[in-house]
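Asks: What the sequence shown shows, in mature numbering (1 follows the signal peptide of the UniProt record, and there is no 0), is residues -25 to -1, 1 to 516, in sequence order.
Since the hints were made in silico from the structure, they are not lab data.
Please note that a few of the clues may not be correct.
Below are the BS3-like pairs computed for lysine-lysine, each with C-alpha atoms no more than 27 angstroms apart in a straight line [as the list claims (entries may be wrong)]:
1) Lys233 - Lys319
2) Lys255 - Lys138
3) Lys193 - Lys138
4) Lys437 - Lys480
5) Lys256 - Lys198
6) Lys198 - Lys255
7) Lys437 - Lys323
8) Lys236 - Lys138
9) Lys233 - Lys149
10) Lys187 - Lys14
11) Lys319 - Lys480
DEER-style ranges, computed between Cβ atoms [what the hints assert, rightly or not]:
12) His257 - Asp12: 51 to 57 angstroms
13) Arg46 - Val140: 23 to 29 angstroms
14) Lys195 - Thr24: 32 to 38 angstroms
15) Lys191 - Gln338: 47 to 53 angstroms
16) Phe469 - Phe277: 44 to 50 angstroms
17) His515 - Thr384: 14 to 20 angstroms
18) Pro474 - Ile48: 43 to 49 angstroms
19) Gly197 - Gly470: 45 to 51 angstroms
20) Lys256 - Arg70: 44 to 50 angstroms
21) Pro474 - His257: 28 to 34 angstroms
The structure presented is a predicted model; accordingly, all values stated were derived computationally and were not measured.
Every residue, glycine too, gets a C-beta built ideally from N, C-alpha and C.
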Amino acid sequence: MASSFLKLLLFVLTTLCLIVELALAKHAGITRRYKFDIKMQNVTRLCQTKSIVTVNGQLPGPTIIAREGDRVIVNVVNHVQYNVSIHWHGIRQLRSGWADGPAYITQCPIQTGQSYVYNFTVTGQRGTLFWHAHISWLRVTVHGAIVILPKRGVPYPFPQPYKEVPIIFGEWWKADTERIISQAQQTGGAPNISDAYTINGLQGPLYNCSAKDTLKLKVKPGKTYLLRLINAALNDELFFSIANHNLTVVEADAVYVKPFKTNTVLITPGQTTNVLLKTKKHHPNATFLMAARPYATGPASFDNSTTAGILEYHNPSNKTRKIKNFPLLRPLLPLFNDTTFATKFVNKIRSLANSKFPAKVPQTVDRHFFFTIGLGLSPCTNQNQTCQGPNNTMLAASVNNVSFVMPSTALLQAHFFNKSKGVYTTDFPTNPPFKFNYTGTPPTNIIVTSSTKLAVLPFNTKVELVMQDTSIIGAESHPLHLHGFNFFVVGQGFGNYNPNTDPAKFNLVDPAERNTVGVPSGGWVAIRFLADNPGTMYIHF
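Please put together the full structure from these sequences, using the hints given.
Replies: So, in structure tokens, the structure goes:
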């Protein structure tokens, strides 16, 4: 009798252990391994063949797919003449700052013939992000999507889509982009603008020689598709729309948002936006252009062209009419300088801010920063030729009148081994060196200083950062990306920021939570975040 009881008890305990183990396994992450071979690839676009840097010969590169909680290991092998590093844009890199990827910030670049293993865990994140090269201009063609699925058994907070499709916007130059940026850095002039925009590496039918280089998205009637939009372009914010279809925005920068419908999406370089596309109930006997064109408000020249793909409904088996005979409908995109639409769209993006997905906005602030950003001038350093800035100077981007000088030793390495002397200083200015009418008549002295200065934050500091655009050379929108953190966009406006009155208007309840934000042309944006991730975290425009 006792023996039978013990056997039964052992069986029950074993069963309970298995149930607990299965329950834990359901939510435990797994390890996902990828190999990135950086190599040259000949590609023909816009009537011209050129050799480009790629990952695994693909443009865009391979999609990284993981679930929240998974460990991701990527072995990057460099087979090209350029030094390379890869940044996992938007991944928090909690306790893995050395895997963030910006060259000379968290690592030395991967030299020709060498390799580097990126090893990180996706913690507390789900949604769409992307990866890209983070040295020079290699990211023009070295980029790809990151898709982070929720933990198993955890549904989306919106209708389950029939299919999910990454859509990556990019730019294309006919010339060698490494030569373009090298020339700009040597002469101090603005780099040449792109010749085209792309959707998943394809220019589309509105450019010469590009009808065959067109993305075709085939859909079925009465279905819901999740489009994972990524702006991997270097320079331009983009409007995106699909003819005769509405889109429902459900996520921004891998953070769920309060859903809202729109016929056009605005997306800044470095940002991601997930939208639901509900197809028409019946076959429409038409095809539809999906188009993207720039939003530009500054005085600088820009590529004012339009890239397009085609949304094509599967032809029902009982239909004899060929799809190629259907009319092709075009979307009506906003004008390139439609600031009214852009402002209204940005203001609609709000965090869910509910019990399941709370908006943990810092309600108090330990450290305030006020950054003026824009273009200034530096003296011509090229003795062999004339510089292309005003009065033989060089254009120089700056924050608080400091133009960042990239070190030759990785900052994280210098900090870790306590060898910062001669590499960097920790006296980055909290405020601009002098006040002026930031969006009005510029000051007479617009020469910037050049140095490698850092700001140091104690762990768990609650930070407020206000970024003010300036009209020193000309007002323009600036995309800001903060590595290692998400932040809350608590306020923004046009003109000069007023520290006495503007904070009263801050949204501390359900602001957008992002990793990249566009500082409006001739305006300002205020963000808050908790500095809870140790490391050397890059912030750049």
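Asks: If a hint holds in the structure, say so; if it doesn't, say that too.
Replies: Hints, verified against the model:
With a C-alpha separation of about 15 angstroms, the suggested pair Lys233 and Lys319 falls inside the 27 angstroms cut-off, and the hint holds. For the given pair, Lys255 sits about 15 angstroms from Lys138 by alpha-carbon distance, which is consistent with the 27 angstroms threshold. Taking the CA atoms of Lys193 and Lys138, the gap is about 11 angstroms. The hint holds against a cut of 27 angstroms. At most 27 angstroms may separate the alpha-carbon atoms for a hinted pair to count; Lys437 and Lys480 meet this at roughly 19 angstroms.
Between the alpha carbons of Lys256 and Lys198 the distance comes to roughly 8 angstroms, so the proposed pair stays at or under 27 angstroms and holds. Straight-line distance between C-alpha atoms of Lys198 and Lys255 comes to about 8 angstroms, which keeps the hinted pair within the 27 angstroms bound. With a C-alpha separation of about 25 angstroms, the suggested pairing of Lys437 with Lys323 holds against the 27 angstroms cut-off. Only pairs whose Cα atoms come within 27 angstroms are accepted, and Lys236 paired with Lys138 is accepted, the gap being roughly 19 angstroms.
At roughly 40 angstroms between alpha-carbon atoms, Lys233 and Lys149 are farther apart than 27 angstroms, so this suggested pair is violated. Note on Lys187 and Lys14: the hinted pairing holds, with a Cα-Cα distance of about 25 angstroms set against a maximum of 27 angstroms. Between the alpha carbons of Lys319 and Lys480 the distance comes to roughly 16 angstroms, so the proposed pair stays at or under 27 angstroms and holds. In this structure the supplied range 51 to 57 angstroms is violated for His257 paired with Asp12, their Cβ-Cβ distance being about 46 angstroms.
The hint said 23 to 29 angstroms for the Cβ distance between Arg46 and Val140, and at roughly 26 angstroms that hint holds. The hinted range of 32 to 38 angstroms is satisfied by Lys195 and Thr24, whose Cβ atoms lie roughly 36 angstroms apart. Between Lys191 and Gln338 the beta carbon distance is about 49 angstroms. The supplied range of 47 to 53 angstroms therefore holds. Between Phe469 and Phe277 the beta carbon distance is about 20 angstroms. The supplied range of 44 to 50 angstroms is therefore violated.
Judged by the Cβ atoms, the range 14 to 20 angstroms given for His515 and Thr384 holds: they are separated by roughly 18 angstroms. Roughly 46 angstroms separates the CB atoms of Pro474 and Ile48, a value that falls within the hinted 43 to 49 angstroms. With their beta carbons about 48 angstroms apart, Gly197 and Gly470 fall inside the hinted range of 45 to 51 angstroms. The hinted range of 44 to 50 angstroms is satisfied by Lys256 and Arg70, whose Cβ atoms lie roughly 49 angstroms apart.
Remark: the range hint 28 to 34 angstroms for Pro474 to His257 is contradicted by a beta-carbon distance near 56 angstroms.
Checked against the numbered hints given earlier, the structure breaks hints 9, 12, 16 and 21 and satisfies all the rest.
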